Structures are given as structure tokens and as C-alpha cells.
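Student: Each chain, written out:
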Amino acid sequence: MVIINGNAVSFSKPTTIGAYLDENQYRRQRIAVEKNGEIVPRAAYDTTILADGDKIEIVSFVGGG
Amino acid sequence: MYPFSEAEILSALQKRHTIALQEKLSHGHVAIAGLGGLGSNVAFALARLGVGFLHLIDFDRVDLTNLNRQQYFLSHVGMYKTDALQQQLLQINPYLHIQTSCVRVDAQNIKTLFAQADIICEAFDDPEAKALLVNRILENFPEKKLVCASGMAGYGSSNAIHTRRIAKNFYLCGDETTEITENQCLMAPRAALCAAHQANMITRLLLGEEDVSSENEKSEK
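Heads up: the sequence lines are chains Y and D, in that order.
If you count the first sequence from 1, position 1 lands on 0 in numbering that gives the first Met the number 0, and the numbers rise without skipping.
If you count the second sequence from 1, position 179 lands on 178 in numbering that gives the first Met the number 0, and the numbers rise without skipping.
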């Protein structure tokens, strides 16, 4: 079980952060991803596999300032 | 040169804030990235607090359409925002150390631009610029405090705007959803509300409070 933005999510096969982002239509240029309290560099999205117990926070930025 | 001495202004600030708190505020070093509706309001608040070191960063000039929510006057239209804002802040406190960088923040200059600040305020309007800054700061400067904003368009509820601690040094202010659309524009009250959330979180950090709310406030809920 992985906690993503406060929701428990389970995966039937090994899934990278990148695959999860694409599947859920996140726009990679507008987000920041934290894994267990640490930033995940953009270059690592497609190589970081979500592991049981991971706590993921995906922050999406909207326009305006 | 100025009608009031540095000692007189410091004494006035100490009267309002106490000597102990003013000591911390006066030693604060904050960089503000983006000087629009968020950044100009945050800068005013921090200057009034007497935060000693401010780094103002923006590439743009003041446009007439900015005056609906940003802290500029008609006389500033056409000026660089860095210059127009610095000029105003020095009228509040001429003894602040204000550094300006009239540049567009990009992946290349982030490391040098933000090397000095203890706290970084993200106050851009473009979502991709926000995300770029946040990613690069968290990757390059994990020890610095980062206070960001997302979602303050329109005239929805004031109470939807909040401050959230995403990670140890990463705070996010705003309603996190309301963006600029054809029907939803940026307006002075909500932009200022969100800016005040950012400014107050920065104040808390300068004064040693790392949580969004303190223990006794939590227990009152």
C-alpha cells in the first residue's frame, strides 16, 4: 500500500512515479513530488518505483500570483 | 538625509514588536521571487516588520493592468518592478538592506540567486515557473525554508485559503485549486489574503515557529 496525497493506493505490478503521474494525467511541468518527505528530482520520476509504505505527496501548481 | 535616524526607526519597531522579537526579525534574510500580487504584498509586510535583508527578484516592468492588485502606483507604470518596489520599501524603512535582481529566474541562475537567503518566497504567477523554482530549490537547497503559493484567483471564500506544510522545509499557501480562467481573474483581496498567509508563515519561521499553527492553537480546535 502506498499513500498518495493522503489516499491509500495499491498496485498490482511495480509502478514508477512517472507511470502513476501519466496515468492520472498530471502535467509534469507543473508539479513537485515528495517521497517520504524528500523531493523526487524530475529526472528520477521514471526510475523511482513506488514501494510498500511510501508516502507520496504530489503538489500541482495552478496559475496566479 | 532621512528625517528619522536608524536608531529611531529601530526603537519604534521594538516598541511594537518587543526587543526580543525585533532582534530576530532584523536579522532575517528573505528572497522574494516574483513581485506581482503576491510578492509585492509580501515585501510590504516584511519591510514593515523590519526584516533586515530582502532580495527582490523579478524581470518585469509595472503595467497598468497590475494596479488592480499589486502594490504599485500610477507613477510606477513602466518602471522595473524591482526598482519601483525597492523605492517604496525604502520609504517605510530606509535602513533595510534591499538587494534587487532584475532577471528571469531559470534553471541556470537559481543556484546563485538564492544562495544568500534563509527563507525563499515563491510568488510567481506562471504555474511552470512555480514548479521549476520549487523543484530546483528543494533539490539544491534542502536546508532553506520555502514558502510557496498556489490558488488565489477569483472572489471565492477567504476561508478556502490556507497554509499547509508539505515537507520539513516546504510550505504551501492558497486554496490549491482556483486558477486563472476566462471567468476567473486575479483580484486584490484574495491575492492579498494569500500573500498575507505567505508573509505570516515567513514571520513564524523567522521567529522560530516551524509549524503552521502552534500547539495551543491546535488544542483549541
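Think of the hints as simulated: they come from the structure by calculation, not from any bench.
Please note: incorrect hints may appear among the correct ones.
[Stated by the list, open to error] With a cut-off of at most 27 angstroms between alpha-carbon atoms, the simulated DSSO-like pairs for lysine-lysine come out as follows:
(1) D:167 to Y:34
(2) Y:54 to Y:12
(3) Y:34 to D:143
(4) Y:54 to D:14
This structure is a prediction, so every number in the text was calculated from the model and none was measured.
Student: Does each hint fit the structure? Answer for all of them.
Tutor: Here is how each hint holds up against the structure:
1. D:167 to Y:34: The given pair, whose Cα atoms are some 12 angstroms apart, holds under the 27 angstroms limit.
2. Y:54 to Y:12: 18 angstroms, holds
3. Y:34 to D:143: 18 angstroms, holds
4. Y:54 to D:14: Roughly 45 angstroms between the alpha carbons, so the hint for residue 54 of chain Y and residue 14 of chain D is violated.
Hint compliance for this structure: hint 4 alone is broken.
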